[in-house]
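Engineer: So the protein lines, in turn, are chains A and B.
Positions 6 to 830 (our numbering) are the ones given, in order, by the first sequence.
Positions 60 to 287 (our numbering) are the ones given, in order, by the second sequence.
A few of these clues could be false.
Selected chain A positions facing chain B (in silico; Cβ < 10 Å) [to be verified]: (1) Val279; (2) Gly324; (3) Arg445; (4) Glu448; (5) Arg452; (6) Gly454; (7) Ala462; (8) Ala468; (9) Arg727; (10) Ala732; (11) Arg735; (12) Gly738; (13) Pro823; (14) Val827.
Only pairs whose alpha carbons sit at most 25 Å apart, straight line, appear in this in silico SDA-like list of lysine to any residue [claimed, not checked]: (15) B/Lys198 - A/Ala441; (16) A/Lys217 - A/Leu202; (17) B/Lys198 - A/Glu448; (18) A/Lys217 - A/Glu74; (19) B/Lys198 - A/Arg452; (20) B/Lys198 - A/Glu74; (21) B/Lys198 - A/Arg455; (22) B/Lys198 - A/Gly453; (23) A/Lys217 - A/Asp62; (24) B/Lys198 - A/Arg445.
In short, the hints are calculated from the structure, not lab data.
Cβ coordinates follow ideal geometry from the N, Cα and C atoms, glycine included.
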Amino acid sequence: MFAALIWRPLRRDLGRTLLSLLAIALGVAVVIAIRMANRSAVLSFQQTTQNLAGGADLLITGPAPLPAELLARLIPLSGEAECLPYLDRWAYDPQHQDTLEILGTDLLAASDAATGPARAGPGSGQLPKGLLLPSGYAAEHGLREGDHLALVIGGRRVELAVAGEAPGSLAVLDLPEALAAFEPQAAPSFDGLRVRLAPGGNEAEVSAALQKLIPAGDQIAPPQARDRQSGRMLAAFRANLAALSYVSLLVGIFLIYNTVSISVVRRRAAIATVRALGAARGAVLRLFLAEGAVLALLGGVAGLGLGWLLADGALTLIGRTVESLYGGGRPAPARLLPGDVLWGLALALAAGLLAAWAPARQAAGVAPAQALRPGSAETEVRTHTRRSLAGAAGLALAAAVLAQVPAVRGIPWAGFGCALAAVLAWACLTPPALGALLPRWRERFLRGGRFAAGMAAGGLAGALRRSSILTVALATAVGVMLGVAIMVGSFRQTVQVWLGQQLQADVFVRAADWNRDRPAPLAPALVAAAGSVPGEGALEASHTQAWEYQGEPITLNTHAGQPAGMQLYRFLAGGPGSAIVSEPLARRHHWKPGSTMELVTPHGQARLRISGIFYDYASDRGLLVLDPATFAQYFGAPAPTELGLYAAPGVSTADLRHNLSLALARANLLAGLDINNNAALRGEAMRVFDQTFRITDALEIITLLVAILGVANTLLAVVLEREREFAILRFLGADRPRLRAILLAESGLIATLALGLGWAMGLTLAEILVRVILVQSFGWTIQFHYPYGYLAAASAAVWLATLAAGWLPARAAQRQNPLAAVVAE
Amino acid sequence: MVSSPLVARVERASKQYGEGAGATLALRDVSLTIAAGEFVAVMGRSGCGKTTLLNLLGAMDTPTRGQVWLEGQETSRLDDAALTALRRRRVGFVFQAFHLLPTLSVEENIELPLLLAGMGNGRRERVRAMVERVELSAKLGAFPGQLSGGEMQRVAIARALVHEPALLIADEPTGNLDSQTAGVILDLLAGLQRERGAAVIMATHSPEAAERASRMIRLRDGCVVEEG
């Protein structure tokens with residue numbers, strides 16, 4: 006029975022079956038690709054940890070570099086544990102315009118995961134002299150042993166020989182060489198210590214003993230703790246991407262519903278026949294559930310392959326964003342694991358069964374006598390208006406409640422639930438709305454002599470459930486696209502305004518290897534030279550460094566020298582003072598103006614009163630800004646990491662920049678610097694911003710593609726299902742172009758309805774994204790800004806694409822043989 | 060050219076489906092004429108070629124050999140668009156299975172030929188008059204699924220005649236109806252035919268139905284075996 010009722014029809018309508026499979030495959034592919042790419046992004050952090058740890062049992066790290074004297078203090082514990090210092094720094098490779106994370110470690114002592122069997126050429130067994138490059142980096146830039154790399158380190162040019170390759174994601178340099186490269190003048194200090202327990206050593210005891218010897222604020226923890234921290238840092242970003250990836254699967258579910266639903270309508274007579282011959286309702290139900298499952302599983306298998314192909318592209322986009330926002334190394338290649346295969350197939354199967362449930366029940370409920378009556382055809386003009394309205398109200402209420410529920414560990418689960426409930430609430434309103442609109446449109450169009458439009462509205466009204474589902478599927482894709490576009494447009498505009506306030510100097514100077522985690526201080530001579538550039542009105546010196554608050558990384562900043570009265574921050578609450586914090590940091594710790602924070606500093610515990618909370622969109626990590634006096638009290642004199650030069654009245658930015666370059670070149674200080682004018686820096690910031698959302702663009706386009714494939718698929722089915730109707734029209738004198746016009750009008754009406762509903766969904770989703778999900782995920786409040794041009798262009802593109810989706814079915818309708826269709830009846 | 064009183068003329072027409080060994084000759088060398096106002100019944104067993112003949116006369120198909128003239132135009136010489144236009148203006152169809160469009164109301168189903176003809180003013184009035192004539196005024200806004208078989212066939216007859224065709228083609232119009240309803244439908248068909256002066260050609264198995272016709276043609280294996 007499965008072969009006769011399900012398998013053969015699927016094979017007979019191969020084109021339509023393949024379209025269904027493609028839609029499901031794309032839905033599964035997106036989920037799998039994002040899952041693989043997300044995992045690789047996390048793995049890049051884990052791999053870095055693994056490289057840093059080098060097999061150690063514990064890592065000692067602190068908010069500030071660890072002084073070399075600490076090693077002497079740890080000597081009493083040498084019988085129980087071995088402590089090996091390391092450096093973890095970034096360098097800029099100007100030749101290849103790439104950055105390189107370098108691990109400085111004692112290669113003589115380290116035979117570990119970072120250096121592995123260091124391949125140092127023919128003299129293997131000897132200590133490699135020079136830089137061991139990660140194989141990926143070496144391959145990407147065609148670097149070989151013996152080549153020389155001119156890197157920018159701390160704003161200086163440092164030439165290093167390539168000594169070989171290092172496994173893992175970090176470049177490796179022997180510790181003395183690393184210290185010479187990174188800290189040429191300063192007293193030696195390290196970024197961390199690897200602690201290896203002696204055989205039989207007790208981790209807890211050693212840890213407790215070490216804790217007494219290290220400076221307050223420094224941490225001892227197993228390497229896995231670092232992974233957990235990076236996991237937490239990335240959690241919201243990954244969850245948001247994953248949530249977006251599931252939208253295409255949701256659209257896929259609507260389309261499987263439609264495919265099975267159409268199967269039921271088309272095979273109504275066959276179902277009635279097998280029911281009349283004694284098949285039980287349960288058997289029919291199982292048959293159509295099986296159709297959903299078969300379609301979903303075949304689509305799922307194809308989706309796994311497609312997902313594997315898409316994963317590299319997704320990883321490239323995600324990797325860049327993660328690197329920009331969170332640091333982290335080069336992501337490992339995306340790998341398809343057995344868990345992904347199982348997850349993809351399980352998702353596909355669940356989606357297939359869920360989607361097929363309602364049509365399968367409809368099939369089981371076919372009354373044989375009625376269905377076998379000559380001339381009978383199923384029409385669904387009934388709607389359960391009250392039930393739909395009650396459902397919509399319930400879901401809207403659920404959305405409102407979920408919007409109030411806070412995030413769990415930084416992931417806005419309830420926010421996602423809120424968005425889903427809102428989409429479903431609109432979906433519930435669709436059948437009654439279409440039930441009211443379409444018959445009126447049919448009457449109005451036919452009364453006005455608009456034959457094709459009237460027939461199209463009648464056709465859609467006659468299959469109301471299917472029309473509603475198709476509209477909802479397309480509207481969901483449109484709604485997500487518009488909602489995200491409004492969110493991104495608002496975010497972009499907010500960031501632009503913020504950048505305008507934040508970046509007010511005309512020319513900016515920083516080391517070319519500037520890195521938010523460890524920005525290199527600028528040489529005092531450079532600061533002095535910059536202070537006396539002709540045409541300069543004011544010099545703003547800013548110091549930024551990484552710090553920790555309660556074990557979580559934060560960014561610490563202080564600055565001075567901006568023109569009097571200039572306000573660099575826009576305050577959400579409170580105002581300027583000795584300590585102000587960014588919105589994400591304040592939200593994480595529930596601070597308000599007047600709250601106090603206890604900060605561990607090099608000069609002891611600081612009790613800081615927060616005077617204001619300001620908008621900041623540089624990172625969700627959190628920014629603490631201290632006034633110069635407070636900073637100096639707890640951290641010592643700040644060493645500027647960035648300079649901002651303001652042009653004197655009448656001096657152009659170009660002249661100021663030229664004068665600065667000239668002055669620095671004369672003082673031989675120009676090499677290794679990054680000098681930008683205001684516009685270039687803002688442009689770069691917006692480039693990074695746009696790059697961040699390229700992955701969401703890609704996901705939205707795929708979701709739309711799935712929905713539009715669904716339109717083509719459904720209309721193709723409509724052509725087959727309404728073959729008799731089209732044949733009658735041919736008998737009555739409708740020519741082929743008129744049949745084509747009916748199909749195109751149907752796709753046009755679906756597009757119009759879906760756009761209307763999609764806009765409603767989009768505006769709702771934008772509210773939820775901006776007011777709930779963005780705030781809960783990243784702690785950012787943004788101002789609404791509607792990118793009208795983009796929204797209009799996107800809507801027009803969707804309308805045209807949907808209309809185009811009707812072209813193939815329209816051609817199929819034209820080719821039908823009316824005589825055969827009527828004879829078959 | 061065919062003289063004006065003739066609505067349709069078939070001249071040694073044959074129709075073959077398929078080719079080679081699988082070919083079927085559905086109609087062989089059939090010749091007949093249908094004059095305006097004539098009611099012709101076509102009888103014969105299933106598969107004898109009745110529907111094929113009706114399709115040729117209704118410009119739904121063209122003969123493989125021979126000629127068919129409809130309203131003075133030889134159908135084989137017309138392309139698909141011209142055949143469609145001819146059908147739209149001059150032919151009405153009534154089917155055994157009614158073939159109403161389920162998504163349109165009674166009124167809209169009847170209105171279809173006028174919409175297709177691009178008729179503007181007076182369309183509604185003409186439909187209402189037709190609905191009254193077939194006694195379905197109370198069902199104007201109903202959908203086919205809400206009608207009985209007899210009512211559906213009355214709607215189909217109204218649809219077939221609303222645009223005042225020269226030729227009405229009825230393929231087993233009472234085949235799905237009980238004898239009483241069939242009688243009513245045949246009365247209606249005959250009455251309307253007389254009122255409007257359209258020629259009717261009706262395929263039927265039923266001798267009772269054939270008795271209403273002014274002329275009867277019997278087909279066997281695609282050939283006319285009796286005419287009178």
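Engineer: What hint numbers does the structure not satisfy?
Structural biologist: 1, 2, 3 and 20
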